[in-house]
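Visitor: Remember, the working numbering sits 11 above the position in the sequence shown when you count from 1.
Calculated from the structure, these hints are not laboratory results.
Please note that the accuracy of each hint is not assured.
Here are the simulated EDC-like cross-link-like pairs (lysine to aspartate or glutamate), alpha carbons at most 16 Å apart as the crow flies [claimed, not checked]: (1) K146 to D162; (2) K133 to D149; (3) K191 to E57; (4) K209 to D149.
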Amino acid sequence: MMRINNTLLFVLFENKGKSLLELMISLAIVSIVLFVATISNSFISEDKIRSFSRELYGDMINLRYSSMTRNHDVNFPYMRGYGIRFQDSNTYYLFRVNDKNQDLFYSGVDEEAPLNGETELKKKQISDTLRIQIKEKDSLINPHDNVLIFDNRGIPRQPSGAFQMMTMVVESLIDNEATKKCISIAFTRIREGLWNGKDCLEQ
12 MMRINNTLLF
22 VLFENKGKSL
32 LELMISLAIV
42 SIVLFVATIS
52 NSFISEDKIR
62 SFSRELYGDM
72 INLRYSSMTR
82 NHDVNFPYMR
92 GYGIRFQDSN
102 TYYLFRVNDK
112 NQDLFYSGVD
122 EEAPLNGETE
132 LKKKQISDTL
142 RIQIKEKDSL
152 INPHDNVLIF
162 DNRGIPRQPS
172 GAFQMMTMVV
182 ESLIDNEATK
192 KCISIAFTRI
202 REGLWNGKDC
212 LEQ
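Construct all of the structure, not just a fragment, from the sequences and the given hints.
Guide: Right under this line is the structure:
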């Protein structure tokens with residue numbers, strides 16, 4: 012009968028124990044790294060959302076204020092306010108309305124003039140990890156070609172001249188758990204808030 016050396020058996024079991032311990036330590040390290048990476052990505056997403064939402068909010072405030080205080084320009088005698096036009100969910104333009112055909116309405120991109128002190132339309136492009144959507148009834152849609160105008164009294168309007176309320180939502184494309192921010196534009200007020208999936212809640 013084969014005899015097993017006790018010393019060899021001890022070494023085998025000791026090595027096996029070390030291997031198991033090393034494996035457990037490795038798994039623990041991997042878990043910690045993944046956890047930290049997840050938290051880091053979430054923080055980065057929320058920081059981007061917060062930063063851009065604040066920028067969009069500032070743009071809306073400036074458009075409204077300018078529409079009431081800087082609505083006269085000898086180069087554009089038919090100024091009808093200031094506006095924003097969305098190209099898609101990542102890009103938008105800021106402009107002055109130069110009512111060339113004098114029909115009192117915004118008739119398209121031909122009536123867009125650069126902002127004061129600018130030589131061309133102001134184009135804003137956000138991170139490709141974010142997107143802007145607008146609320147339409149009970150859902151969010153791509154704002155493609157959507158236009159909002161602030162008239163010379165600071166009232167938000169559609170291109171046709173009708174009064175226009177609007178809610179813009181800024182969200183992450185890579186982190187569904189990230190907090191969504193929103194900009195709510197009403198008759199006399201613009202505010203930034205948190206999107207709860209249905210409404211823009213004041214912060």
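Visitor: Take the hints in turn and mark each one as holding or not.
Guide: Evaluation of the provided hints:
no.	hint	in the structure
1	K146 to D162	22 Å, violated
2	K133 to D149	31 Å, violated
3	K191 to E57	8 Å, holds
4	K209 to D149	7 Å, holds
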